[in-house]
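Q: Following the hints, position chains G and P against chain V.
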Amino acid sequence: MSIIERALAKAKQEDRVAVEKAEGLAHRQEEAGRSMDLAGGGEARGHEAESGGGGDGAGAGRSPAVVGAGLRANAAPVSPSFVGETPPTVAAPVAALTAERAQSARLGTALDATTCASSGPAVPPLLCVEDLCCAFDVSKPFLNRLLEREPRRWLKAVDGVSFEIPRGETFALVGESGCGKSTVARLIVGLYEPSAGRIVFDGHDLARVTRSAERQKLRRRFQMIFQDPYASLNPRWRVERIIAEPIRVFGLERDERKIHAGVAELLSQVGMSPADGTKYPHEFSGGQRQRICIARALANRPEFLVCDEPTSALDVSVQAQILNLMRDLQDELGLTYLFISHDLAVVRHMANRVGVMYLGRIAEIADSRTLFARPRHPYTRMLLATIPSLAMRGQRADLVRGEVPNPITPPPGCSFHPRCALADERCRREAPLLRALGGGQQVACHAVEEGRDHE
Amino acid sequence: MSVSHIEQMNAGGGVPLLSVRHLRVEFPSRRGMLVAIDDVSFAIARGEVLGVVGESGAGKSLTGAAIIGLLEPPGRIASGEILLDGEPIHALRGEAMRRLRGRRIAMIFQDPLTSLNPLYTVGQHLVETMLTHLELSPAAARKRALALLDEVGIPAPAQRIDHYPHQFSGGMRQRVVIALALCAEPELIIADEPTTALDVSVQAQIIALLRRLCRQHHTAVMLITHDMGVIAETADRVAVMYAGRLAEIGPVAEVVRAPAHPYTRGLMGSIPVLGAGVERLVQIDGAMPRLSAIPSGCAFNPRCGEAFARCRSERPGLMPAGATRAACWLYAGDCEGLSAPARDEEGA
Amino acid sequence: MSSAPQSSPSPPSPPPGARRPARAGTAAHAETRPSRWARLVDSDLFYSFIHSPVTVLSALVTLVLVIAALLAPAIAPHNPFDPATLNLMDGFTRPLQANEFTGNVYWLGTDAQGRDLFSAILYGARVSILVGFAAVAFAALLGITLGLIAGYRGGWVDSLIMRIADVQLSFPAILVALLIFGVFKGVAPPALQDRMAVYVLVVAIGLSDWVQYARTVRSSTLAEKNKEYVQAARVIGVPAPLILLRHILPNVMGPVLVIATIGLALAIILESTLSFLGVGVPPTQPSLGTLIRVGQDFLFSGEWWIVFFPGLTLLLLALAVNLLGDWLRDALNPRLRR
Numbered sequence: 001m002s003i004i005e006r007a008l009a010k011a012k013q014e015d016r017v018a019v020e021k022a023e024g025l026a027h028r029q030e031e032a033g034r035s036m037d038l039a040g041g042g043e044a045r046g047h048e049a050e051s052g053g054g055g056d057g058a059g060a061g062r063s064p065a066v067v068g069a070g071l072r073a074n075a076a077p078v079s080p081s082f083v084g085e086t087p088p089t090v091a092a093p094v095a096a097l098t099a100e101r102a103q104s105a106r107l108g109t110a111l112d113a114t115t116c117a118s119s120g121p122a123v124p125p126l127l128c129v130e131d132l133c134c135a136f137d138v139s140k141p142f143l144n145r146l147l148e149r150e151p152r153r154w155l156k157a158v159d160g161v162s163f164e165i166p167r168g169e170t171f172a173l174v175g176e177s178g179c180g181k182s183t184v185a186r187l188i189v190g191l192y193e194p195s196a197g198r199i200v201f202d203g204h205d206l207a208r209v210t211r212s213a214e215r216q217k218l219r220r221r222f223q224m225i226f227q228d229p230y231a232s233l234n235p236r237w238r239v240e241r242i243i244a245e246p247i248r249v250f251g252l253e254r255d256e257r258k259i260h261a262g263v264a265e266l267l268s269q270v271g272m273s274p275a276d277g278t279k280y281p282h283e284f285s286g287g288q289r290q291r292i293c294i295a296r297a298l299a300n301r302p303e304f305l306v307c308d309e310p311t312s313a314l315d316v317s318v319q320a321q322i323l324n325l326m327r328d329l330q331d332e333l334g335l336t337y338l339f340i341s342h343d344l345a346v347v348r349h350m351a352n353r354v355g356v357m358y359l360g361r362i363a364e365i366a367d368s369r370t371l372f373a374r375p376r377h378p379y380t381r382m383l384l385a386t387i388p389s390l391a392m393r394g395q396r397a398d399l400v401r402g403e404v405p406n407p408i409t410p411p412p413g414c415s416f417h418p419r420c421a422l423a424d425e426r427c428r429r430e431a432p433l434l435r436a437l438g439g440g441q442q443v444a445c446h447a448v449e450e451g452r453d454h455e
Numbered sequence: 001m002s003v004s005h006i007e008q009m010n011a012g013g014g015v016p017l018l019s020v021r022h023l024r025v026e027f028p029s030r031r032g033m034l035v036a037i038d039d040v041s042f043a044i045a046r047g048e049v050l051g052v053v054g055e056s057g058a059g060k061s062l063t064g065a066a067i068i069g070l071l072e073p074p075g076r077i078a079s080g081e082i083l084l085d086g087e088p089i090h091a092l093r094g095e096a097m098r099r100l101r102g103r104r105i106a107m108i109f110q111d112p113l114t115s116l117n118p119l120y121t122v123g124q125h126l127v128e129t130m131l132t133h134l135e136l137s138p139a140a141a142r143k144r145a146l147a148l149l150d151e152v153g154i155p156a157p158a159q160r161i162d163h164y165p166h167q168f169s170g171g172m173r174q175r176v177v178i179a180l181a182l183c184a185e186p187e188l189i190i191a192d193e194p195t196t197a198l199d200v201s202v203q204a205q206i207i208a209l210l211r212r213l214c215r216q217h218h219t220a221v222m223l224i225t226h227d228m229g230v231i232a233e234t235a236d237r238v239a240v241m242y243a244g245r246l247a248e249i250g251p252v253a254e255v256v257r258a259p260a261h262p263y264t265r266g267l268m269g270s271i272p273v274l275g276a277g278v279e280r281l282v283q284i285d286g287a288m289p290r291l292s293a294i295p296s297g298c299a300f301n302p303r304c305g306e307a308f309a310r311c312r313s314e315r316p317g318l319m320p321a322g323a324t325r326a327a328c329w330l331y332a333g334d335c336e337g338l339s340a341p342a343r344d345e346e347g348a
Numbered sequence: 001m002s003s004a005p006q007s008s009p010s011p012p013s014p015p016p017g018a019r020r021p022a023r024a025g026t027a028a029h030a031e032t033r034p035s036r037w038a039r040l041v042d043s044d045l046f047y048s049f050i051h052s053p054v055t056v057l058s059a060l061v062t063l064v065l066v067i068a069a070l071l072a073p074a075i076a077p078h079n080p081f082d083p084a085t086l087n088l089m090d091g092f093t094r095p096l097q098a099n100e101f102t103g104n105v106y107w108l109g110t111d112a113q114g115r116d117l118f119s120a121i122l123y124g125a126r127v128s129i130l131v132g133f134a135a136v137a138f139a140a141l142l143g144i145t146l147g148l149i150a151g152y153r154g155g156w157v158d159s160l161i162m163r164i165a166d167v168q169l170s171f172p173a174i175l176v177a178l179l180i181f182g183v184f185k186g187v188a189p190p191a192l193q194d195r196m197a198v199y200v201l202v203v204a205i206g207l208s209d210w211v212q213y214a215r216t217v218r219s220s221t222l223a224e225k226n227k228e229y230v231q232a233a234r235v236i237g238v239p240a241p242l243i244l245l246r247h248i249l250p251n252v253m254g255p256v257l258v259i260a261t262i263g264l265a266l267a268i269i270l271e272s273t274l275s276f277l278g279v280g281v282p283p284t285q286p287s288l289g290t291l292i293r294v295g296q297d298f299l300f301s302g303e304w305w306i307v308f309f310p311g312l313t314l315l316l317l318a319l320a321v322n323l324l325g326d327w328l329r330d331a332l333n334p335r336l337r338r
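Protein chains in written order, with the working numbering: chain V, 1 to 455; chain G, 1 to 348; chain P, 1 to 338.
Bound conformation, chain V alone (with noise of 0.2 Å):
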């Protein structure tokens, strides 16, 4: 697809929801709405993915859309209008998976994921993540490859992620390690740039954000805490300095004593005190780091926060100090959170909704009560099942199998399958995609679609 036709797509795509939002249709229904329309919306639906994937994958162009609009007021998304879209700039493996979706998709038997441009009613998520890949070069040198002629190897670190998050809420990514959640969360705040797929915060494509002006206004809304709360902080810096930058980076306030008694207010406002700002950070405890970090991160009064891990390096105790402080920061100053942990329990106390990872795909989609009462793919069955419980001793020995698998080489079809005891001959050839099910819930599992899992 020549890169004339690519952008005509894209203006195609961005007219249509321009007139959508001008109409204020919406487009997507909640949950419940659209497994109703399983059955009744399958109709417009291929109609739609026939025309869509009549090769240039462009939307199903403008008109049928928009007298689809009529017809899908209750439906489902145009998914896969967006298959086809990603840039062919990536390695062979990402654009076959894609190929591979807009194949399925044409079968009309996709159902599935989150479109940025169209999702929810009328007031948009304040962060949409769309079929995001990130595939990094773990190839040997150049020399070592032609000697022993061996073909370039990526690491498919995250393979197709969407999610949306409305403001004000919490969103937990949850998973293992190599699943992924750690480089989502740097993907997002742009300290890696993603090989395909969209990133739209507030309704800004922050890929086509690129004069740096524009870049600073929309980097001064979100803001990132660390796992580490060692190495998140300059040790030859004192704290105060520390907590400033963001002020003077963005230029938020010029008067020294007014970035001063800014810093102030910071620091009490983390449960902290004011003298604590002429202090190094070696001087400090690794929760009160984690709180110094935090002060640093709301110094530029951002809306969004991506918090990677950030108390899985503390005690117990200053674990639950810090997480009563982040909530009441929420209330307070009406944040939303992106929570990345690998503790279950953690998650549910923190999240509304809840996605589940697994080597770079997301496994399941749904709200933490949901997903802790009712889960159903198995590898989230599992997870729940490895958290340990006094009432459970003993009894859980064979409900865990297996280990992660090396990133680099990942199993064919469904990642999870060597673990699975659900596995059959078509997970281990394809992949599943992410569905609805109903409730919020949106699982990526065969055996749940055909309902093998028995429930």
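If you are wondering where the hints come from, they were derived from the structure by calculation, not from laboratory data.
Calculated cross-link-like contacts (lysine-lysine; reagent style DSSO-like; alpha-carbon spacing at most 30 Å):
| id | chain 1 | residue 1 | chain 2 | residue 2 |
| --- | --- | --- | --- | --- |
| 1 | V | Lys217 | P | Lys227 |
| 2 | V | Lys279 | P | Lys225 |
| 3 | P | Lys227 | V | Lys279 |
| 4 | V | Lys140 | P | Lys227 |
| 5 | V | Lys279 | V | Lys258 |
| 6 | V | Lys140 | P | Lys225 |
A: Below, chains G and P without anything else, positioned relative to chain V:
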């Protein structure tokens, strides 16, 4: 509280396998003598799993290191006794300690990658340990090594026995380390945070494996961790340490369901629990004191919501508190007008 | 503080937005902080310094020599390079013995032209130390800059800089300095040669030594750039040069200090070697090396002091600075600290 009472309670008669009495470990530094472990006493019966839980800086890893004789100088055991099967081992040096270590007491460390020598195959590790401690021929040792690898759940042990540590994944490596610890048939295994560096799904498997094997081989385990959930799932009794002292010790079901010591209560309350649905986690304000600034009296008193005058001046010893024993003046029999009697009813 | 056991119902949570009470543990620093000097004296570094007699002695020797050399014009009894004050009859006076002709007593004797050796050494040490410091500063500046860029950018920039460094390392330092000097001598007009010689010497010594700064700084940068505080700065959009200057540079300076100290000794020795070979400082500003060269002609004819004292000074200076650098390296190494 006399030490013999402890041992009776624990062992149900007979000599306990490991008995630690009034252990005190000090580190001389230029700011004075730092006491890292202060008058700690407990006992482990044969085949029992004792969990030692505490936050960082509480001294639990040091206790394990002191028992097996791996204290880093200038740290030293200043006073107290460690008895293995009735014989003192705290004063053993050199060759005598080496004979003990590995043969009667084994240790599992936190990081499986650095616990194994990367230049030796897994088989060489196992065989060497067995040849050092047991009277076996090399062929018999190798056969036993194969059997052990199979027992810990390594698939295809006949091939993997000749693999190097870097060819195993993290969970597999920890299984190898467990096999290594068990190969000389020790009576006690000290496991220092064996699952902290692993993924949660692997953690569950390793914990279950450790429990099963130690039951089968009738080996006692001293499981040192900061994760209360692991203790709840694995241990028979649990000892809670705070600032180098024992705060509470008792059967794990009792300590988890009805903790007596305020620190343990705070600890249990801070852990987010599935299905609890609390708005705010219980938090203990402040932080564990540094070794150079341990408060007088009860070490927990600055952070305790129920402290009174006696807590600030006198250090409490372990005293009975319902089904467990806690170092807290709330449970002293002669306390008047406080909540201690009510607590006994709850915790009983 | 709520501390309900699991069996009883949990206490009601405070209303949202309630301020958290000030914590006892963190508000304990209402008292004034100790002064900077008091903190320095109390630090581990100072402690290890005071308790190492060798280090204290080396520091004293270095300090004395450096101050004496810098104040040479003020404290030297004579100006040895002013021909008007020289008296040929004073030549070859033994140390602390009256000259048979003029009756003057010189502490360290005189050389062939009647120059007071003590003054000559002071002036010579001054030249040596100044050239040494300047060369180290130049090498450090060059090496740190290249190391930061190579470590942070990575990729082909890193490879390029490191290959240049490797090529440079394959030449001995003296050869590099000689090469540069030779080129200079061939290119520059004779009138300027004397005045520019010192600067070219500084550049020559500096260019032969920058590689170890670059390498150390590069490996430290590689470690630091992945740390979260650098990522936090990138998240808020701090541009790369500012990150290098404000965040990374202060954290990689530790090993640089050690290298610089030991490098100072090496620079002084290199300069003396070059002067000894005749290609260093011009004769109008003799350094310790020049004095040694001049003096060695007389070594076996009995006037041993003309070469001995400058040589001894050079030895003491280099040794003291080296020992100081050794201590600094061990003291700053976190792994060796108990």
